[in-house]
Every structure is written in structure tokens, then in C-alpha cells.
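Respectively, the protein sequence lines represent chains A and B.
For what it's worth, our numbering labels the leading residue of the first sequence as 1, then goes sequentially.
For what it's worth, our numbering labels the leading residue of the second sequence as 217, then goes sequentially.
In case anyone wonders, no lab produced these hints; they're calculated from the structure.
Among these hints, one or two may not hold up.
[Claimed, not checked] Simulated DEER-style distance windows between Cβ atoms:
id, chain 1, residue 1, chain 2, residue 2, range
1, A, Asp30, B, Arg405, 16 to 26 Å
2, A, Arg7, B, Glu390, 22 to 32 Å
3, B, Pro394, A, Pro133, 21 to 31 Å
4, A, Leu77, B, Val418, 21 to 31 Å
Built from N, CA and C at the ideal position, the CB exists for glycine as well.
Number of protein chains: 2
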Amino acid sequence: MTNAPTRRSELKRLPERGTHDRPTIDAILDDGMLCHLGFISDGGPVVIPTLYARRGDEVLIHGSSASRMLRGLASGLEVCLTVSHIDGIVLARSAFHHSINYRSVVLFGIAEELVDLDERAEALDYITDSLVPGRIAQLRPTTEQEVRGTKVLVLPITEASAKVRSGPPGDDPEDEDPALWAGVIPVSRTAGTPQPDAITDVLTSVPDHVVEWTAR
Amino acid sequence: MTNAPTRRSELKRLPERGTHDRPTIDAILDDGMLCHLGFISDGGPVVIPTLYARRGDEVLIHGSSASRMLRGLASGLEVCLTVSHIDGIVLARSAFHHSINYRSVVLFGIAEELVDLDERAEALDYITDSLVPGRIAQLRPTTEQEVRGTKVLVLPITEASAKVRSGPPGDDPEDEDPALWAGVIPVSRTAGTPQPDAITDVLTSVPDHVVEWTAR
Chain A
1 MTNAPTRRSE LKRLPERGTH DRPTIDAILD DGMLCHLGFI SDGGPVVIPT LYARRGDEVL
61 IHGSSASRML RGLASGLEVC LTVSHIDGIV LARSAFHHSI NYRSVVLFGI AEELVDLDER
121 AEALDYITDS LVPGRIAQLR PTTEQEVRGT KVLVLPITEA SAKVRSGPPG DDPEDEDPAL
181 WAGVIPVSRT AGTPQPDAIT DVLTSVPDHV VEWTAR
Chain B
217 MTNAPTRRSE LKRLPERGTH DRPTIDAILD DGMLCHLGFI SDGGPVVIPT LYARRGDEVL
277 IHGSSASRML RGLASGLEVC LTVSHIDGIV LARSAFHHSI NYRSVVLFGI AEELVDLDER
337 AEALDYITDS LVPGRIAQLR PTTEQEVRGT KVLVLPITEA SAKVRSGPPG DDPEDEDPAL
397 WAGVIPVSRT AGTPQPDAIT DVLTSVPDHV VEWTAR
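Please construct the entire structure, taking both the sequences and the accompanying hints into account.
Written out as C-alpha cells, the structure is:
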């Protein structure tokens, strides 16, 4: 599937930080779970955080069939789906050159609803297994009623761009004082100790797929 | 400053997770550094990740004066500014009840440009010191040229809502099998060891404000 820059996805600011390279885009999408989905409602912009999963050349999102957002989107509204990761705080020798190290993807398109119930059930399992790989195999099958209560939208990855900033600060030469500490504070997302709920028996061990999640 | 729900900021889905309470909204804003800013460009939605800082009853954002986004916004376009934190992965006993624990704020309004140079310089210092408290005191003053090269936009916190999900999964009673592990994997953002750049002298110690950032 092509991902050629359009007027909309063309990289404007600091194009040296940007790319339309699909492996880069896919890696950034695969490293996240929450996207920020923008659409127009009542003439104004709305940005909602929502779970997503990449499946090949498309991004899946889901939500309650009663959701105003998903009802609007399902009728063919344009969306902009953005995913961002913070990798570090960049401390320069001037306020002006302070920044963050980040990776982001901006994806434009029209989200299409998955109407077929079997396709929808399959997509929902895929989303859950993207969030927690190996989880679906442990669970009872999703019921038809649950599938009917959930909308799934598909957005093709055809109009996307990525931006990445990494590395040390870019100070102006006249500011390069070795006695002034400058550099990067790395930042990452980490998992804590899994907390079983009150129903889980104390003798039930933490399953491998949960341990693997916390170790990644 | 009031923050009464409007038609737009009214909580629609799962209103029990939502609030218009300002201390809750402020705490969520203060816990983040990157927002997702939505606006309309060429008739379509655009969502861009950008740094922000809350200052009292307003949110400050900034960017290059050459930025297409900031030029558009400065002319009085409507925006939706969204901030989200992931606190945990919620593993239920059905795929249907899987979720994440999160805190998010959605803020609607019209961003106004700070035209006055002194006010802009002050706001830029404020943004840097919000990103890294104590940093500004270590740096040379921002030059007039740097201030002129940067736009600052102010968005009042008058039409905002917060949503929070916390706690264990909410399984259906018929699924409550104690032998099936369910619960929460806590997730948080953590800082690594600060990395000085190549210019920083090896004898320059890591300053307190950097150590404090990594310890929070």
C-alpha cells in the first residue's frame, strides 16, 4: 500500500525530523496503545483519547455503539489520528533550544465501519491481543451481544507521516559553556507489579502473558 | 473563573467517569507536558502533539512563528486541547471489559496570541520552567530575537472536562472465576539516568534541578 505525501500529510516544519517511511510509521504505531483521534463535531474540532491497534495496513479503533464519537465517525467523517511517545527531556543552554525527544505519527483519512459481525468480532479480539498479547487465549469467546454493542472503525494507513527527534540539545555555538550541564533526561513508560483484583484466588499465579507485559 | 459544562464539554459517554471539577482538571494538566492540539485546517481535522504549560486559569502553548499551525491558530481558530495519562492496563475476564486506567482532560476554546514581547518572554520562561522546574535560573536570558521567533498562544480554562478511570476490572458476575487472573498492570512514566551532552565537562556535576526531575 502506498503512503505518498499529500498536501495534507506533507511535512512542513523541520522536515529533517520527518519521514513517510512505512517501517518507521509502523514501529511508532506498534509501540503505543492510546491515540488521539481528531474529528469535526458541530463545526468545531474535537480530540478524544482512545485505544487503537495497527493491523497490517490499517489502524483499528473501537468503542461503544452508543458513543456519539463513533456514530459520527462511522458515517464517514474525516479523522486525524495521532500517536506520540515521549523519549526524553532535552535540556539546552538556552531556554530557546529546550525540547523533548519524541516519536509521533499523524495519520489522515476516512474511517470505515466494520459492519460484518464476524469481521468485527475478529477485529475486537485483535485489539485486545494487541493491548495484552496472549490474553485472548485465556478468555471465553466474546458474545454476539457484546460484538453488537461495539463499533469497530478501520482507518487505512495511506496518508501518514512520522516525526522523530532524538539525541542531545542543539545549542548555538556561542552558548557552549562546558560548565553548564546540558543533555537529555531519558523518559520511558514502565510497568509496575501486576495487581490482582479481589476475585482472583490468592493461589492463582500471575500468568506468563502478564509477566511478559511487565518485562517489555 | 467558571468552568460550567456547555453543550460541547458536557460529558456524554460514561458520565460517572467524568467531572468538571477544576482541581481535578488542573492536577491532570499539571501532570503532563505534551498535549494533543486539534484544529481545522483546509476543512479537515488536524491533531498535533505539542508542549504546553498550565498557568493559573489558562494553558500556554508555543512554537515557531513560521509554523503553519501557530499562524492559523493565532488568527482565532477554535481548538480542542487534550491531555491524557495512562495509569494502568485493566485485564478483565472477558475481552469486552478490558480497558485502561487513565486520566484525561479535554479543553475547548479559542487560543489568543500573546503579542506583547515582554509578556511573551515571560510566558516562554514559564513554559521552560514548567518542563524543568529550576532550569531558567541557570540560563542566560532569552534574546529579543528568540522571543520574536516564537509565538505564544493562550487558551483559557473555561470549557473543560476531565475523565478518570481507576481501579480493578468490572467483570460481569457470571464471569467471576477466581482461577482466572484478572487485575491491573500499573503503568507510569519514569526517568532514566541524565545523559550529559558532549560539551558538558566531565567535572560538571548533575545540577539539583535535574536530579529532582528524575526523582519525581
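Okay, the hints, checked on the actual structure:
Distance hint check: the CB atoms of A/Asp30 and B/Arg405 are about 19 Å apart, consistent with the given range 16 to 26 Å. A/Arg7 and B/Glu390 have their C-beta atoms about 53 Å apart, which leaves the hinted 22 to 32 Å range violated. As the Cβ distance of B/Pro394 to A/Pro133 is approximately 24 Å, the hint placing it in 21 to 31 Å holds. Range check, A/Leu77 to B/Val418: about 56 Å between beta-carbon atoms, so the 21 to 31 Å window is missed.
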